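**Q** Residues per chain, in single letters:
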Amino acid sequence: MKNKAKEKFTKQVFSRPRSLLDVSTHYCPGCHHGIAHRILAETIDHFDLREKTIGVAPVGCAVLMYDYFDVDFVEAPHGRAPAVATGVKRAQPDRFVFTYQGDGDLAAIGTSEIIHAANRGENLTVLFINNTTYGMTGGQMAPTTMLGQKTSTSPYGRDFRNDGYPIRIAEMLATLEGTAFSARVATSTPAQIRKAKEAVKKAFDMQIRGMGFSIVEILSTCPTNWGMKPLDAQKRVLGEMSGYYPLGVYKERKQADFA
Amino acid sequence: MTPEPVGIKRELMKGNVAICAGAIAAGCRFYYGYPITPQNDIPEYLSAHLPPIGGTFLQAESEVATINYLLGTSASGKRVMTSSSGPGISLMQEGLSYMAGSELPAVIVNISRSGPGLGGIAPSQGDYFQATKCGGHGGYRMPVLAPHSVQEMYSLTMLAFDLADKYRNPVMILGDAVIGQMKEPFVPTSYVSTVPEEKPWSLTGCAGRPRRIIKSLHLKDDEIEAHNWKLHRKYMTMREEEVRSEPTHLEGAGIVIVAFGTAARVSKTAIQWARAEGLPVGMLRPVTLFPFPSREVDEAVSRADAVLVIEMNTGQMLEDVLISTRHHDKIRFLGKPCAIPTPEEILQEIRSLAGEIGVKAGNVR
Amino acid sequence: MPGTAPLPKGRIEIDFERCKACELCIPACPKNCIEMGTGTNRQGFAAAVFARPGDCTGCAVCAECCPDVCIQVWR
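Chains as they are written, first to last, in the numbering used here: chain A, 176 to 434; chain B, 1161 to 1525; chain C, 37 to 111.
There is no bait here: all hints are sound.
Which residues of chain A face chain B? A partial, calculated answer using Cβ under 8 Å:
| hint | residue |
| --- | --- |
| 1 | 226 |
| 2 | 229 |
| 3 | 248 |
| 4 | 250 |
| 5 | 251 |
| 6 | 258 |
| 7 | 261 |
| 8 | 263 |
| 9 | 288 |
| 10 | 291 |
Don't read these hints as lab results, they were simulated from the structure. Just so you know, these numbers come straight off a predicted model, no measurement behind them. Cβ coordinates follow ideal geometry from the N, Cα and C atoms, glycine included.
This is chain A alone, in the form it adopts within the complex:
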């Protein structure tokens, strides 16, 4: 009976996206980088951009992403991906350029670069992975770390008196004129993954149409450094994190300001 079933289901409806190399990744079990990577690769394929894309890798867990994508990649110093991407896009305006950054990379050391890339309306796309911690370096407090969240550098829980407040990037960048698209999504339920993919598609489309700067903030899990099982980590995203970081589209420019 089993092999008969095999002949019956011959239409493959889900497979690895062409832009994603068939290799295992270094990411921890249940880490949402993997989902974000697949969404990114699927969107590159959707717009048939693989051969015209230059990716800019951050410093953080995703620094090794260039080993996973069949796309030209340059590695940026910590926090400087938006600046490197600016250099690439200005040199090659007809190429598709994106950065992929974690919250330590973008929201801490790279805040100046991301704000100014957005404010210049740099025609590039940023995928921003917010997992409220520095993953690669072992779970330190990040600007997005929640109040009360224990990390390796906030062992008593983040206290605003000492460490200030978690920073909401998607809303902040939405206030800048240069920003064409800014949204926050999550990937902790199948429905969220679908919406996340739609948002990434919209962001890509903005760049393709030359509408200016686009960013998608993706609430993600870091099971290892949160000290949680992957499924429980997703509950944290759905609960506490989504409360403080509301999902939604914070800016969506209708038509370009310039030709």
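For chain A, the structure is supplied; the task is to place chains B and C on it using the hints.
**A** This is chains B and C only, laid out in the frame that chain A set:
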């Protein structure tokens, strides 16, 4: 003034602007920068002159961002330049280390000012160590060219682009406020490229070829060690092939000055006066500070009776001179940190040196 | 015909060696077709297995949720 051969077109231009002319002549069409005295003429000029020729000028939010724009445009295979002064160059150090590690070409201009810290806007040669030993992490090196005239601001910039592409490495022009902000005539010679134009390593989108990665991270064991030795071989080749220096009345000079940039420029006047007094003085002027002209320095020092190292700092190139020769006893130092030595001061030093080594005025060979 | 189970409308294959046993696919499957296996793969993980193929509808939600792209789906 030597009579001007008929037909040679000369231009009167500021040193800073001559750098722009040299860059444009060398095909550079991308410039990123940030305001800082005393180099502002460069972004100002290029913001006006690049767009009309299809070039890109972009003022960055910081020098940290600037060097990373450079990294991105260089990774795209385009010639690209930035300029700054000490404090800005300090902010670029990490980026320079990344570019050296990723083997990316670019031209970085430092129109030096006084330091450390905010220091001042007076000229200085206090950035010698930072430039030649490289202020970023990891032990990379960089060719450093030191102009002492507006002509060299123009011609060494053209050379810098070729060296950058030849070695896939950042190259620095180390000027200072004097040469940057003074005007003098120079001959805008035409640019002749010595390197191939296409860059098979650049990131242009992997149509019809395997994807390329430009990075400086090497995590697999002994990969980073091998990479360091590869870079080391590159720097050794620079030492073999790219040393440039200029002798002035070096033959038979009992007293030899070793100086670069503005200090060397001023010394030329002092040498004229001293030789008019019959004092046998000449100069060796390093044009490349890295690779340092060690052999030439050693030869000059061994033949000389006394050596005077002159710098607009408290002694930095002095160390490279000391490394280049064992005749330390002959070497004297005249330092003017954050100030311009006058020909009179240098002449005075030459006279006292001459007295010390018992050279009588008048028997100049 | 009493008790006949609905015929499957699709099937999946889980890459046994690549799975990191993160379990995200298990609650994702609306028909609860997947569970953690007992065999350990080369990485040392007890990979997920397609335990109840009979209930699979080929909806591919499991594949959408897998961070390591271990699941292929056919209909």
